[in-house]
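S.K.: Sequence:
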Amino acid sequence: MGKNCTQVTWFLLLGLTEQEGPKGTLFVFFLFIYSVTLMGNLGIITLIHTDPQLHTPMYFFLSVLAFIDSSFSTINTPRLLESFLTSGQSISFKGCVVQMALMTLHGTAECLLLAIMAYDRFVAICHPLLYHTIMSQHLCVQLVVVTYVASVAISGLLTWYIFKLPYCGPNVINHYFCDIPPMLQLACVDTSAVETIIFSSSALIILFTITIILMSYAYIFVTISRIRSLEAQSKALSTCASHLTIICLFYGTITFMYAQPSSHTSMEQNKVVSVFYTVVIPMLNPLIYSLRNKDVKTALKRRCLGKLSV
3 MGKNCTQVTW
13 FLLLGLTEQE
23 GPKGTLFVFF
33 LFIYSVTLMG
43 NLGIITLIHT
53 DPQLHTPMYF
63 FLSVLAFIDS
73 SFSTINTPRL
83 LESFLTSGQS
93 ISFKGCVVQM
103 ALMTLHGTAE
113 CLLLAIMAYD
123 RFVAICHPLL
133 YHTIMSQHLC
143 VQLVVVTYVA
153 SVAISGLLTW
163 YIFKLPYCGP
173 NVINHYFCDI
183 PPMLQLACVD
193 TSAVETIIFS
203 SSALIILFTI
213 TIILMSYAYI
223 FVTISRIRSL
233 EAQSKALSTC
243 ASHLTIICLF
253 YGTITFMYAQ
263 PSSHTSMEQN
273 KVVSVFYTVV
283 IPMLNPLIYS
293 LRNKDVKTAL
303 KRRCLGKLSV
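Here the numbering used here = 1-based position in the sequence shown + 2.
Derived from the structure by calculation, the hints contain no laboratory data.
Mixed in with the good hints, there may be bad ones.
[Unchecked claim] Simulated restraints on C-beta separations:
1) Q139 / V100: 43 to 53 Å
2) R230 / T76: 25 to 35 Å
3) V151 / T76: 14 to 24 Å
4) V282 / T48: 17 to 27 Å
5) H129 / L289: 23 to 33 Å
6) C170 / Q55: 57 to 67 Å
7) S227 / K96: 27 to 37 Å
8) V151 / P130: 23 to 33 Å
9) V148 / C170: 36 to 46 Å
10) V148 / A243: 23 to 33 Å
11) A220 / K96: 40 to 50 Å
12) T76 / K96: 10 to 20 Å
13) P130 / V174: 49 to 59 Å
Being a predicted model, the structure only gives us computed values, none of them experimental.
Glycine included, C-beta positions come from ideal geometry on N, C-alpha and C.
Construct the complete structure from the given sequences, taking the supplied hints into account.
M.R.: Structure (structure tokens):
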């Protein structure tokens, strides 16, 4: 069947919900979230780029995270908004390939970047005198380049495995974007081997990055516990609080989505979780960093006061 079928050339995305009643409210709600996401993340990037006080490795990685989040949200949120205005959306086979590849790329890049940011905090707190020597500008750029190269490779590999499967029909995707679980359900052949590859790859990425994060924070907490000054302890913990919050939010959702067999979750659950990590978390990240980070708030005040004085 897989060898003799006629390959579908387009798919129909059902969207987040098929109920007509709440679509208008959902459109306004998600349009607001998307606007806040873009303004927040682009604002963080602009603030870090223009304020010399924020030209440090920590905020360089934060600006990269903001770029990933704004890109991540832009890949699928406009199509999600469009789904609230129409009864169904068609997407070409190639368009589906590109969308999945970009989503996987940015999701993987965020995982790797969060691990790098944990290592950055480890060096800053455990080796403060060597911080700028170890976390040189050259190394920071290299780490970001390696992150994107690895993400492109992983994304390309997983996307290739999924779309080399035969899709003979039906071509209706019960989702608002071309995600891995609903695509596997449409394949005309047994997908257990591909599911094993995806599960193993996702688990490996999560375990690798989580290991770096846990080891970094284990050393960080040991170092902080040895500091006698409560003020110094509080300052050290405050630089980690925002990062830890984002880690808990992001890793909780992607572990639920991709690090377990697809048969263990329903498609409706997948859609709800997908909304959280593709739409809500990219909006929360800049808010968490701006509200909990004194340096960012101080830089924002300087910029606002500078504009008022002009």
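S.K.: Now tell me, hint by hint, if it's right for this structure.
M.R.: Hint by hint, here is what the structure shows:
Here the CB-CB span from Q139 to V100 is close to 33 Å, at odds with the stated 43 to 53 Å. Between R230 and T76 the beta carbons are some 47 Å apart, a value that contradicts the proposed interval 25 to 35 Å. Taking 14 to 24 Å as the suggested C-beta distance range, the pair V151 and T76 conforms, at roughly 22 Å. For the pair V282 and T48, the supplied restraint of 17 to 27 Å holds, since their beta-carbon distance comes to about 23 Å.
Our hint of 23 to 33 Å for H129 and L289 holds, since their Cβ atoms are close to 30 Å apart. Taking 57 to 67 Å as the suggested C-beta distance range, the pair C170 and Q55 conforms, at roughly 59 Å. The hint said 27 to 37 Å for the Cβ distance between S227 and K96, and at roughly 54 Å that hint is violated. Taken as a hint, the range 23 to 33 Å holds for the pair V151 and P130, whose Cβ atoms sit roughly 30 Å apart.
Between V148 and C170 the CB atoms are about 39 Å apart, so this pair conforms to the stated range of 36 to 46 Å. Look at V148 against A243: about 27 Å separates their beta carbons, and that is inside 23 to 33 Å. Between A220 and K96 the beta carbon distance is about 45 Å. The supplied range of 40 to 50 Å therefore holds. Separated by about 19 Å at the C-beta atoms, T76 and K96 satisfy the suggested range of 10 to 20 Å.
At roughly 56 Å, the beta-carbon separation of P130 and V174 lies within the given 49 to 59 Å, and the hint holds.
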